[in-house]
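Engineer: The primary structure of each chain is shown beneath.
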Amino acid sequence: MRLATIVTDNWWDIRDLSNVSGAILDALADAGVPDWGIYVVSALLGTLAIISFIGAVAIINIWIERRVVGRMQSRLGPNRLGPFGLLQPVADAIKLMQKEVLQPRSADGLVFTLAPIAFTVPGIAILAVIPWGRNMTLAELDVGIVFIFAMSSLAALAVFIGGYGSNNKYALFGAMRVIAMLVTYEIPIVLSLLGIVLLTQTMNLSEIVLWQEEHWVFLIMLQPLAFLIYFFSSSAELNRTPADLAEAESEIAGGYHVEYSGMKFGLYYAAELINAVSISTIIATLFLGGWWLYKVDELVPGWMILIGKIYAVYFLFVWTRGTLPRFRIDQLLAFAWKWMTPMALLNILLVAGQVTLWEETGWSDAVLIPAFIAINGAFAAGLIVGWVRVMAPKFQRFPTRPRFYSTIDVPPLPAPDAAMTQP
Amino acid sequence: MIDDGAIVFSFYMLAGGSLLCALMVAFVRNLIHAVLFLALTFVGVAGVYIVLSADFVAVVQVLIYAGAVGVLMTFAIMLTPASDRMNSETLFQVPAALLGLMVAGIAVFVAYDTNWDLSNSEGLRTTARLLGEAFLKPYVVAFEVASVLLVTAMIGAIILSREEDAGDA
Numbered sequence: 001m002r003l004a005t006i007v008t009d010n011w012w013d014i015r016d017l018s019n020v021s022g023a024i025l026d027a028l029a030d031a032g033v034p035d036w037g038i039y040v041v042s043a044l045l046g047t048l049a050i051i052s053f054i055g056a057v058a059i060i061n062i063w064i065e066r067r068v069v070g071r072m073q074s075r076l077g078p079n080r081l082g083p084f085g086l087l088q089p090v091a092d093a094i095k096l097m098q099k100e101v102l103q104p105r106s107a108d109g110l111v112f113t114l115a116p117i118a119f120t121v122p123g124i125a126i127l128a129v130i131p132w133g134r135n136m137t138l139a140e141l142d143v144g145i146v147f148i149f150a151m152s153s154l155a156a157l158a159v160f161i162g163g164y165g166s167n168n169k170y171a172l173f174g175a176m177r178v179i180a181m182l183v184t185y186e187i188p189i190v191l192s193l194l195g196i197v198l199l200t201q202t203m204n205l206s207e208i209v210l211w212q213e214e215h216w217v218f219l220i221m222l223q224p225l226a227f228l229i230y231f232f233s234s235s236a237e238l239n240r241t242p243a244d245l246a247e248a249e250s251e252i253a254g255g256y257h258v259e260y261s262g263m264k265f266g267l268y269y270a271a272e273l274i275n276a277v278s279i280s281t282i283i284a285t286l287f288l289g290g291w292w293l294y295k296v297d298e299l300v301p302g303w304m305i306l307i308g309k310i311y312a313v314y315f316l317f318v319w320t321r322g323t324l325p326r327f328r329i330d331q332l333l334a335f336a337w338k339w340m341t342p343m344a345l346l347n348i349l350l351v352a353g354q355v356t357l358w359e360e361t362g363w364s365d366a367v368l369i370p371a372f373i374a375i376n377g378a379f380a381a382g383l384i385v386g387w388v389r390v391m392a393p394k395f396q397r398f399p400t401r402p403r404f405y406s407t408i409d410v411p412p413l414p415a416p417d418a419a420m421t422q423p
Numbered sequence: 424m425i426d427d428g429a430i431v432f433s434f435y436m437l438a439g440g441s442l443l444c445a446l447m448v449a450f451v452r453n454l455i456h457a458v459l460f461l462a463l464t465f466v467g468v469a470g471v472y473i474v475l476s477a478d479f480v481a482v483v484q485v486l487i488y489a490g491a492v493g494v495l496m497t498f499a500i501m502l503t504p505a506s507d508r509m510n511s512e513t514l515f516q517v518p519a520a521l522l523g524l525m526v527a528g529i530a531v532f533v534a535y536d537t538n539w540d541l542s543n544s545e546g547l548r549t550t551a552r553l554l555g556e557a558f559l560k561p562y563v564v565a566f567e568v569a570s571v572l573l574v575t576a577m578i579g580a581i582i583l584s585r586e587e588d589a590g591d592a
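For the protein sequence lines, the chains are Y and F, in the order given. Position 119, counted from 1, in the first sequence is what the working numbering calls 119; the numbers after and before it change by one each time, with no gaps. In the working numbering, each residue's number is its place in the second sequence (first place is 1) plus 423.
Keep in mind the hints are simulated off the structure, nothing from the lab. Think of the CB as a built atom: it goes at the ideal place given N, C-alpha and C, for glycine as much as any other residue. It is possible that part of the hints are untrue.
[Claimed, not checked] To give an idea of the interface, some chain Y residues facing chain F are shown, with a C-beta separation under 10 Å as derived from the structure:
(1) V33
(2) T47
(3) L138
(4) A155
(5) A156
(6) E186
(7) T202
(8) M203
(9) W363
(10) V367
[To be verified] Computed from the model, here is a short list of chain Y residues facing chain F with C-beta under 8 Å:
(11) L141
(12) V146
(13) L157
(14) F160
(15) I179
(16) W211
(17) H215
(18) W387
(19) V390
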């Protein structure tokens, strides 16, 4: 489809990326390259585009994150190197490359080396199924959402082999915490996205975007509760504050990558940014309409709209990181099991009822969609407020929740007067 | 379709890689390495499913076997301090090898003995919807029985791992 106004047909006009790839593939076809050769070249072109996007993002997002968090915490952030400190991530990368890569003598060498690579690959692979524009998907998978689950479940094993291969107690503790969190938060993630699958009747990400275009609505309006659950669960999955227990410096000295240095650590660091961008992309595609933005996508290329939405979601991640304190591990796991999983199940129940109503009665979309938006919004707001009022744990001076506290006889604090009058 | 050169090539690559990893599971000395090779084997088998255009089964294979079962096995190894970390230090090697060869022999015999029907139809466009309808319409009883079984196993695990004093439960 040709964009309406500003984009031309010239091959160098990268605002429509299909110009340049189409020119290359047409030239190959004219030169008599067989079909499988053209297929391979087009696959390589798509992969190259995604990998270069990832490389640029990993550099730029360090700067964005540090500047934004700095502004939120009333400081400046990096501002010396280049205009607005823009060259700071480049300098950091050069420094990381020059540093010596240390490996503990008793570490498990091959596993130790493979772990950061295995941690990076799933985050990049997720981007293959994302529709970057109309007919602009690298891998048109009919089971795209399950593919995303599968890739994010591989990260658990990668983190574990990193922690195990380091042969360090803190690293193993950090890895165990990550796995506990990943296994726990997998459930609300799957359940929250199940609502979307029920509503759109497809697991193909391109078709989910087309569904939003057809019904002229963002899924975040129809599924606000699923969005909140997915957003918080994925920030736990990403090890970002408020859920960055895996690398809680004050408790376990940096977590599963405590033994990594040099560019191996750099890969872990980049992989966390890449995973954050992947999750932002998924949220932008599933909940915010992907490359579609009402009538704007006829004027602006879809991939630019998608990148804009990705950075809007990424800003939310940076915002939570800059403002919220860290959870305790038992709070985090209890939050997943006792709050998010039941809420996600209730959400599925509601969506299933709505889909049945939609299919059985045949009432028009113009009536049903605003009604569903109102009902689901009220449901989400009521459920959150109600659960906080009724179910939130009361403040405890001596918490009894963790198991081992019950066996310890906690002595009472000295009376305030006695403490105050001590010399 | 199935005789396409690229598909045959990728099938032999994936099958060979999976077999190699499966052999490494048996022969490698370190038990954690064995589990990692097992995860690689699962991924390779998922690739074979993709070659057979069973995309849903392939993705679920990665999700459940490489993701969940791999983590489960590493946990099982970490939580059993009595077993040493060395693989294949056991007297059962010879009978195990014999048993494995017999099972492989039966599989090969069945594969050659079966009269395979070659179909010229196109691969299925999408398998997830068909699988879902099959689970919830004709095979719903088996599906529900399996889920009841899983719930039972979960309750059993909770009871087994529960501490005796239910003081603050």
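Engineer: Taking the hints in turn, state whether each one holds.
Structural biologist: Hint check:
Residue-level restraint check for Y:V33 is violated (minimum Cβ-Cβ distance to chain F is 15 Å; threshold 10 Å). Against a cut-off of 10 Å between C-beta atoms, the interface hint on Y:T47 is violated, since the closest Cβ of chain F lies about 17 Å away. With a least beta-carbon distance of about 15 Å to chain F, the hint placing Y:L138 at the interface is violated under the 10 Å criterion. Interface restraint check: Y:A155 against chain F, minimum CB-CB distance 9 Å, threshold 10 Å, status holds.
At about 5 Å, the closest approach between the beta carbon of Y:A156 and any beta carbon in chain F falls short of 10 Å, and the interface hint on this residue holds. For Y:E186, the interface hint holds, since its Cβ comes within 10 Å of a Cβ in chain F; the closest pair sits about 9 Å apart. Of the supplied interface hints, the one on Y:T202 holds, with its beta-carbon coming within about 9 Å of a beta-carbon of chain F, less than 10 Å. A cut of 10 Å between beta carbons decides the hint on Y:M203: the least distance to chain F is about 6 Å, and the hint holds.
Interface restraint check for Y:W363: the shortest CB-CB distance to chain F comes to about 25 Å, outside 10 Å, so the restraint is violated. The criterion of a C-beta within 10 Å of any C-beta in chain F is not met by Y:V367, whose closest approach is roughly 28 Å, and the hint is violated. A least Cβ separation of about 6 Å between Y:L141 and chain F falls short of the 8 Å threshold, and the interface hint therefore holds. Because the closest C-beta pair between Y:V146 and chain F is about 5 Å apart, less than 8 Å, the hint holds.
Among the interface hints, the one on Y:L157 holds; its C-beta lies about 5 Å from the nearest C-beta in chain F, closer than the 8 Å criterion. With 8 Å as the threshold, the beta carbon of Y:F160 comes within range of chain F, its nearest partner Cβ sitting at about 6 Å, so the hint holds. For Y:I179, the shortest C-beta to C-beta distance to chain F is roughly 6 Å, which falls under 8 Å, so the interface hint holds. Proximity of Y:W211 to chain F is violated relative to the hint, the smallest CB-CB distance being about 15 Å (cut-off 8 Å).
Annotation: interface hint on Y:H215 violated; nearest CB of chain F at approximately 20 Å, more than 8 Å. A hinted interface residue such as Y:W387 counts as satisfied when its beta carbon comes closer than 8 Å to some beta carbon of chain F; here the least separation is about 21 Å, so the hint is violated. Of the supplied interface hints, the one on Y:V390 is violated, with its beta-carbon coming no nearer than about 20 Å to a beta-carbon of chain F, more than 8 Å.
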